[in-house]
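The sequence shown maps to residues 1 to 503 in UniProt numbering.
By construction, these hints were calculated from the structure, which means they are not laboratory data. Note that this is a predicted model, so its numbers are computed, not measured. Idealized CB from N, CA, C, for every residue including glycine. Certain hints may be false.
Now the in silico label distances, taken between C-beta atoms and shown as ranges [as the list claims (entries may be wrong)]:
1) W374 - D216: 41 to 49 Å
2) S129 - G166: 49 to 57 Å
3) S129 - K40: 41 to 49 Å
4) N57 - E466: 54 to 62 Å
5) S421 - A150: 45 to 53 Å
6) A150 - L213: 49 to 57 Å
7) H214 - D103: 52 to 60 Å
8) K83 - C244: 45 to 53 Å
9) D37 - D216: 32 to 40 Å
10) N212 - I255: 14 to 22 Å
11) N57 - D191: 19 to 27 Å
12) H332 - N154: 21 to 29 Å
Pairs of lysine-lysine, DSBU-like flavour, derived with a Cα cap of 30 Å [to be verified]:
13) K305 - K32
14) K277 - K349
15) K50 - K40
16) K187 - K176
17) K124 - K419
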Amino acid sequence: YGKDVSKKLIEVKELLSKGVFEELAGKKLAAKVVKKDIQKTIGLDSMVGKAWDIIMNPEGRTLGIYGMGGVGKTTLLTRINNKVKDEFDVVIWVVVSKDLQYDGIQDQILRRLRADQEWEKETKDDKASSIENILERKKFILLLDDLWSAVELNKIGVPRPTQENGSKIVFTTRSKEVCSDMEADDKLQIDCLSRNEAWELFRSIVGEDLLNLHPDIPTLAKQICEKCYGLPLALNVIGKTMKCKEDVHEWRDAIDVLSTSSHEFPGMEEKILSVLKFSYDGLETEKMKSCFLYCALFPEDYEIKEELIEYWISEGFIKGERDKDGSNNKGHVIIGSLVRAHLLMECEKESTFYKTEFTPAVKMHDVLREMAIWIGSTSGKEEEKQCVKTGVKLSSIPNDDINWSVWRRISLMSNQIEKISCCPKCPNLSTLFLRDNDLKGIPGEFFQFLPSLVVLDLSHNRYLSELPEEICSLTSLQYLNLSYTPIRVEETNKPGPGVLSQT
């Protein structure tokens with residue numbers, strides 16, 4: 001009996017020395033894998049097979065999947081996510097993107113590894129230790145989507161995969177150089193679809209019934225398909241746009257539009273943007289176009305829905321009438337239309353404020369976001385001028401490289417701005433996003449030159465404890481978001497804590 005007790009005490013001491021507590025005291029691990037919805041694909045089966053062979057090879061530890069934006073890298077990674085659950089103890093999916101910092105990657109990993117939320121209070125080093133303590137005892141596969149530069153996994157707390165532990169890391173990127181920087185053992189390039197594959201996908205989207213309405217439509221459809229350069233994203237977006245065009249003249253017009261716009265751009269990426277713009281131009285109303293462009297003000301891979309509708313109402317894109325349950329039907333109709341046009345993607349937004357919950361949301365594909373930013377920055381229409389500088393590590397409000405007087409909307413979200421040292425004149429500015437920065441204060445003069453401002457988002461500025469009296473000079477203001485700041489406001493008749501709305 002005494003020997004058994006001594007043995008148990010030694011085991012306990014080993015656990016204590018490693019800090020392994022997550023499966024004790026009610027701290028259970030999260031689910032083994034989170035399955036993801038996947039749309040119909042053409043031409044990816046062979047790539048899935050190649051990726052699977054590489055992942056199952058015991059000598060390979062890291063796989064880099066690379067290719068241009070919209071070619072299907074994320075779709076391939078999704079197929080891998082849904083396929084490998086029986087081969088690993090845990091499958092971890094992380095969206096990295098251009099703007100995300102290391103602590104954001106840690107947070108996504110810990111949400112998958114731990115069912116509790118106590119880790120949210122930990123420092124970066126503590127989070128790294130927690131991740132390492134869990135993963136070093138498991139056979140894991142880490143799926144990193146959309147890398148723009150190399151990630152130092154040891155700083156995050158991810159143990160290096162070895163043949164002994166059988167763990168794997170798979171990532172997607174647009175750059176082959178990132179594969180080298182990540183020291184990938186294997187690289188897999190995703191190319192655009194062949195001519196036959198592209199036509200098969202496009203035909204499946206528009207439907208045989210539509211193609212048979214007029215003898216000229218199949219030929220015109222093949223010409224439009226050629227304009228998509230075999231890019232699955234473009235084929236999906238343009239296909240969704242054309243599937244409701246029953247008049248042959250609409251197909252001929254589409255050929256004219258695509259032929260006259262795409263030749264102006266020398267680069268492949270820019271050609272694709274001009275092709276995708278055809279679907280934007282095909283939106284039914286100018287208001288719907290404005291609603292779509294507004295989505296580009298948020299950082300890459302940003303998930304949003306109800307709050308987005310509040311912004312639209314404040315900007316005057318839609319009316320503020322609400323249903324009995326408090327929802328705005330018109331806003332949801334527009335979101336549904338943009339989703340069906342393949343310009344927005346449905347997703348689920350994870351919230352852990354009280355407990356882990358998933359709510360319906362939408363986000364933009366990164367290539368479509370680039371298109372929207374391109375349209376907003378080059379548009380000749382005064383009402384659509386948008387400047388987006390999100391997640392680029394700005395420490396102060398840019399003055400020299402932004403002509404504030406011409407922009408209608410400016411987003412400086414997710415930077416490290418601590419102070420506002422300039423007071424630019426902004427006669428046309430209607431939306432200003434300063435969300436998720438390090439603001440400590442705002443000079444009163446800053447608000448004196450914003451006569452048209454209707455939306456001001458200052459949320460998630462943890463050091464911003466007060467506002468100057470001059471904010472009262474914003475007579476056009478309809479929406480002020482102060483949530484997740486030390487500033488306290490009366491909670492009466494508003495869409496959320498710390499949000500004031502006048503509609």
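At the C-beta level, are W374 and D216 separated by a distance inside 41 to 49 Å? With a Cβ separation near 32 Å, W374 and D216 fall outside 41 to 49 Å, so the hint is violated.
Hint check for D216 and D37 - Cβ pair distance inside 32 to 40 Å: This hint holds: roughly 36 Å between Cβ atoms.
Look at the Cβ atoms of N57 and E466 and judge whether their distance stays inside 54 to 62 Å. 59 Å, holds
Tell me if the straight-line CA distance from K277 to K349 falls inside 30 Å. 27 Å, holds
52 to 60 Å as the expected CB spacing between D103 and H214, which holds or is violated: Since the Cβ atoms of H214 and D103 sit about 56 Å apart, the hinted range of 52 to 60 Å holds.
Range first: 45 to 53 Å. Now tell me if the beta carbons of S421 and A150 are that far apart. 34 Å Cβ-Cβ, so the 45 to 53 Å window is violated.
Between S129 and G166, is the Cβ distance one that fits in 49 to 57 Å? 22 Å, violated
Return holds or violated for the Cβ distance of A150 and L213 against the range 49 to 57 Å. 51 Å, holds
That 21 to 29 Å hint for H332 and N154 (C-beta), does it hold up? Because 45 Å falls outside the window, the suggested range is violated.
Does the Cβ distance between N212 and I255 fall inside 14 to 22 Å? Holds - the Cβ-Cβ distance for N212 and I255, about 19 Å, lies within 14 to 22 Å.
Given the hinted pair K187 and K176, is their Cα-Cα distance within 30 Å? 8 Å, holds
K83 and C244, beta-carbon distance inside 45 to 53 Å? For C244 against K83, whose Cβ atoms are near 34 Å apart, the range 45 to 53 Å is violated.
The structure fails to meet hints 1, 2, 5, 8 and 12 from the earlier list, while all remaining hints are met.
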